[in-house]
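A.B. asks: Each chain, written out:
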Amino acid sequence: MKTADVIIIGAGSVGVPAAMSLAKEKLDVLVIDSLPSPGQGQNKKAIGGIRATHSDKGKITTSLRSIEIFSTWKEIHGDDIGWISNGYSFPAYTEQDEKKLKELMVTQKSFNLNIEWLSPEEYQELVPGINMTGLRGSTYSPGDGSASPLLAINAFYFKSLSYGAQYRFNEKVTAIEPLKEGGFSITTDRDIYSCGRLINAAGNHAREIGRMAGVDLPVTPDSHEGAVSEPVQRFFGPMIVDLRPAMDPATEDSANYYFYQNSEGHVIFCLTPRHLIVGTESESTSVFLPQVAKRMVSLFPKLANLKVRRTWRGQYPMTPDGFPIVGILKENPGFINAVGMCGQGYMLGPGLGEILTRMVTGSLTSDDQDVLAHFDPYRDFSGVEQFK
Amino acid sequence: MRENRIKTHPILEVKEKEDVAFYWNSEKLSAKRDEMLSSALFANGIKTFGHHHKDGSAQGIFCANGQCAKCTVIANGVPVKACMTAVRENMFVESVEGLPKLPDVEGNPEISDIEHVSTDVLIIGGGPAGLSAAIQLEENHVSGILVDDKDRLGGKLVLQTHKFFGSVEDSYAGMRGMEIGEMLARKIESSSHIDVWRNSTALYVFKDGKVGILKDGIYKLVTPQIILNAAGAREKFLRFRGNSLPGVYGAGAFQTLVNRDLIKPTDNLFIIGGGNVGIIAGYHAMQAGINVIGLAEAMPRCGGYKVHEDKLKRLGVPIYTSHSIVSANGHDSVRSVTIAQVDENFHIVENTEKTFECDTILIAVGLESVSEFTYEAEKAGIKVFAAGDASEIAEASSAMFNGKIAGLRIVKELKQDTGEIPQSWYEKAEILKSHPGEVQEIAIPSREEGIFPVIHCKQEIPCNPCSTVCSEGSIFMQGDPIKGRPVFDGECQGCMKCLAICPGLAITMVDYRRDKAFPTVFLPYEIGNFPVKKGDMVDVSDVDGNILGEYEVLGAKATKESNLTEIVRIKAPAAIAKKIVAFTIQKKEVSDPVTTKVPYDQIHDDEIVCLCEMVTAGEIRDLVRKRGVTDMNQIKAITRAGMGPCGYKTCENLMKQIFRAEKVALGDMVLNTRRPLFVEVPLGKFANGGKK
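Residue numbers (the working numbering), protein chains in the order written: chain A, 1 to 388; chain B, 389 to 1080.
Where hints are given, some of them may not hold.
[To be verified] With a cut-off of at most 16 Å between alpha-carbon atoms, the simulated EDC-like pairs for lysine to aspartate or glutamate come out as follows:
{"hint": "1", "chain 1": "B", "residue 1": "LYS595", "chain 2": "A", "residue 2": "GLU281"}
{"hint": "2", "chain 1": "B", "residue 1": "LYS767", "chain 2": "A", "residue 2": "GLU283"}
{"hint": "3", "chain 1": "A", "residue 1": "LYS24", "chain 2": "A", "residue 2": "ASP5"}
{"hint": "4", "chain 1": "B", "residue 1": "LYS1044", "chain 2": "B", "residue 2": "GLU977"}
{"hint": "5", "chain 1": "B", "residue 1": "LYS420", "chain 2": "B", "residue 2": "GLU391"}
{"hint": "6", "chain 1": "B", "residue 1": "LYS976", "chain 2": "B", "residue 2": "ASP1010"}
{"hint": "7", "chain 1": "B", "residue 1": "LYS595", "chain 2": "A", "residue 2": "GLU125"}
{"hint": "8", "chain 1": "A", "residue 1": "LYS99", "chain 2": "A", "residue 2": "GLU116"}
{"hint": "9", "chain 1": "B", "residue 1": "LYS538", "chain 2": "B", "residue 2": "GLU391"}
{"hint": "10", "chain 1": "B", "residue 1": "LYS921", "chain 2": "B", "residue 2": "GLU954"}
{"hint": "11", "chain 1": "B", "residue 1": "LYS442", "chain 2": "A", "residue 2": "GLU264"}
{"hint": "12", "chain 1": "B", "residue 1": "LYS603", "chain 2": "B", "residue 2": "GLU503"}
{"hint": "13", "chain 1": "B", "residue 1": "LYS489", "chain 2": "A", "residue 2": "ASP367"}
{"hint": "14", "chain 1": "B", "residue 1": "LYS442", "chain 2": "A", "residue 2": "ASP80"}
{"hint": "15", "chain 1": "B", "residue 1": "LYS767", "chain 2": "A", "residue 2": "GLU281"}
{"hint": "16", "chain 1": "B", "residue 1": "LYS742", "chain 2": "B", "residue 2": "GLU977"}
{"hint": "17", "chain 1": "A", "residue 1": "LYS57", "chain 2": "A", "residue 2": "ASP368"}
No wet-lab data here; the hints were simulated from the structure.
With the sequences and hints as input, model every part of the structure.
C.D. replies: Pasting the structure below:
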């Protein structure tokens, strides 16, 4: 039986950077995933945006560290993961949105985040061709950015291998048993393993894994569709998040949508349905393209000529209040959950990986404690994130 | 500037078309009204359409079928596929150098809802299979929509200038492919139950049961009860150094340029692949007046029908069996090709390289089914049938017959009272798709009087029109009535019908009635761009292309009955008269290899696997070998292989080959996930259903 200090279930947005960080600290790490290679769950469905401009200390602090890791990766390790510091923007077309965004900026600035309010004209310079009718201005946070989820996870994966992490792909965990002397025995469809600590980073499958350890984690995946365009010369700067909901009887109603142009010139976009589509079905529907196209072309007419290359459908493993669940299981302190990333696993992952490492090594800082308070598995889930 | 157009053609009508001016990188050029930009550029000798944003490599035409995006140019500011965009008067066309610029738009684009359409049957593809199925639906009063991405129905039939194999009653054998295409299209164009959508590309069968179709530039969502996938096949590709150079493309692209658009894309062509597709493309090239420098086939024997192969050999085209391509040489476009002998494991035998000057290399190494619509429909829970190449790769004659069967099966699905499909149809469908049999030696008839046909058909293939047309009923099929070999036994009036109809040009007529010692030999001939006339001396050859001597042409003419095939008369001694099958037209010197070494700067250092994203074999091999990667999705994530505009259509096979060569077990190999869309479509198309 193979044993490890730490076994991570899930080689995705959280599991791989956590393995990299743990292995770097010389811990013996084994990652188990039911899919054939790293990032084949929801990580590769991420569009690649990375921002620290959230509304709470937990996500802000974690993302700031992630941004540091993403943005310095090439400099430190040599491989290009497509990082660009293109920033995020939330244009406001209603008084209500303007008010909400400006209020939030106060909180964000209190965390020293670099975020400013641009006039419509200033925003037009960043996004030439944006629909100016009714535009009231936009937030702009130049410190945010984007990187390729595909390249990043492979960079993290190969780096983790070089630090000694091991992976078992195409293996599905079927049972988790606590051991008398502490730690766990993990049975997969191929083998049996044991470990001192177990990290549940199973994304969409977090709830199943939790149940194996006797805990019901309130994580429910819901679907979002996304797409990528042909590459063209850079024609606008930041990620654009259009917060307005849209009622469209011809397709479906939708909440926000967002898009940016990545380091290679592709525009990547994604839309949030207004009525959640619960489940893990990942086949594309006919609804998405007409629904998102109408909105994008109205907002930014120039996009009409941009060719759509590929579309896909993925899930946000959602929690009731939109915040992740990260922490130690009271019943068994060897069991750590790092689940319910609510569609932000990719941007939280690298920062979170380091916090998980400190959790395992017992060296959590007071900042970490503050962060984890926001992600507390035992919190009251009735709250709603004011801004996501 | 020289105009690379076909001026005369033995089979195709060369119509006078209006000239329109357009600009290429500021230079004023002339095109024919409404022709595709790719053809207009080729006609002007322009084959390099831009340079790739990743590595600066030259880009040009590849599929000529709207499936990839290698032919992208900028037309009036907008990046478009040159092969799918018609030229317009004074159009300003530019090469794509690196990433294109997204054009600005005037004002706010129209936004409206997408139209939803329901139908009983959706047929994807208006080629031989789709049309044959549609005819069955029409005859049985079943309604449906037939979509085809071209402006003319017929699929690849419209590119086929040669007479077809198969049987007369089941698949119109003896007619030319393009004539069959027109005939089938006429039956459907006037139909009352089938709605024909031309210029309509199926983009995906979505999970919710709707099929996205871009109809004449307007996006529609179609909900069918039943789908027939008759989308045909795509060509396989090969790895070799220089394989991404402009001038390397498939037979489909070549036939599109030559037979549809009457472009002469090259003077000197080299063909890789000795299946029917490659051999026939060679024959089409000769018809267009293009030299075929040679044909290389990796197997010890050509896979195509022997009669096709023999036709090409007799014209003077050398066929190199057990040879493979080593490299396409050139910097910005093909300048020459290097081939070499291969051993039984298809490894190059050292010091057997030969290099030939040519500017075009045609890759014809097999086809694979466009099967994605079938899988998508299954996943969406829609009843789906497949016919023609989309179901199984075979000749068009087979596609027509199994399209007919699929059509009736669909009728039966919708109308319970429909009778059973006869078992004999399924048997016939099997025969029509059968592979050629062994080559057999046949005895030359001993008779030396009167007039009679000599049949040089040495291989069992599904083809029998000679036995159908014989006015005396003297030609019989030995064994199977379609697949057997024909023999002549009985009376002959010299009507020439068998000679004229034989798609393999493998029937001659020998007439001893005037002169027993020097009988007249009648030969079929279709290569009008190499004309022969009375008084010409020609090198006559036997069935395999061996020269038998030089003899005089007595005359040559095409008749209405011969359907454009010329019948050439030659007087030859009795000793060889019955052995003569054709005469050589391409001079030997044309095919001589070059003796000088290929300049170093014209040899590329690696093979390209993903032509869209310019990913090399070396990059992929390293990941497999050094990093142990066996999931193509991971290779895609790291290298972008398969993430280009063509959507993994070309590189999947090449990736699999590398995996196999690296000894990755089949069970460990994970194939790429396919996602919508089938081809790239501007975002604005989804935002505007065309309603005001």
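A.B. asks: For a C-alpha distance cap of 16 Å, please report whether B:LYS976 and B:ASP1010 respect it.
C.D. replies: violated, 44 Å
A.B. asks: Hey, B:LYS921 versus B:GLU954, does the alpha-carbon distance stay inside 16 Å?
C.D. replies: holds, 11 Å
A.B. asks: Below or equal to 16 Å on CA atoms is what counts here, so check B:LYS420 against B:GLU391.
C.D. replies: With Cα atoms ~11 Å apart, B:LYS420 and B:GLU391 stay inside 16 Å; holds.
A.B. asks: Decide if the proposed pair is consistent with the structure: A:LYS24 and A:ASP5, CA atoms, cutoff 16 Å inclusive.
C.D. replies: holds, 13 Å
A.B. asks: Does the structure keep B:LYS1044 and B:GLU977 at a Cα separation of 16 Å or less?
C.D. replies: violated, 40 Å
A.B. asks: Is B:LYS489 close enough to A:ASP367, meaning Cα to Cα at most 16 Å?
C.D. replies: Judged against 16 Å, a Cα distance of about 46 Å means the pair is violated.
A.B. asks: Could you grab the alpha-carbon distance between A:LYS57 and A:ASP368 and see if it respects the 16 Å cut-off?
C.D. replies: Judged against 16 Å, a Cα distance of about 10 Å means the pair holds.
A.B. asks: Has the given pair, B:LYS742 with B:GLU977, been kept, meaning a C-alpha gap of at most 16 Å?
C.D. replies: Roughly 15 Å between the alpha carbons, so the hint for B:LYS742 and B:GLU977 holds.
A.B. asks: Given the hint that B:LYS538 pairs with B:GLU391, test it: the Cα-Cα distance must not exceed 16 Å.
C.D. replies: violated, 26 Å
A.B. asks: Verify the proposed pairing of B:LYS595 with A:GLU125, using a straight-line Cα cut of 16 Å.
C.D. replies: Distance of about 40 Å is beyond 16 Å: violated.
A.B. asks: Below or equal to 16 Å on CA atoms is what counts here, so check B:LYS442 against A:ASP80.
C.D. replies: holds, 14 Å
A.B. asks: Is B:LYS767 within 16 Å of A:GLU281, Cα to Cα?
C.D. replies: holds, 11 Å
Taken one by one, the earlier hints fail for this structure at numbers 4, 6, 7, 9 and 13, listed in ascending order.
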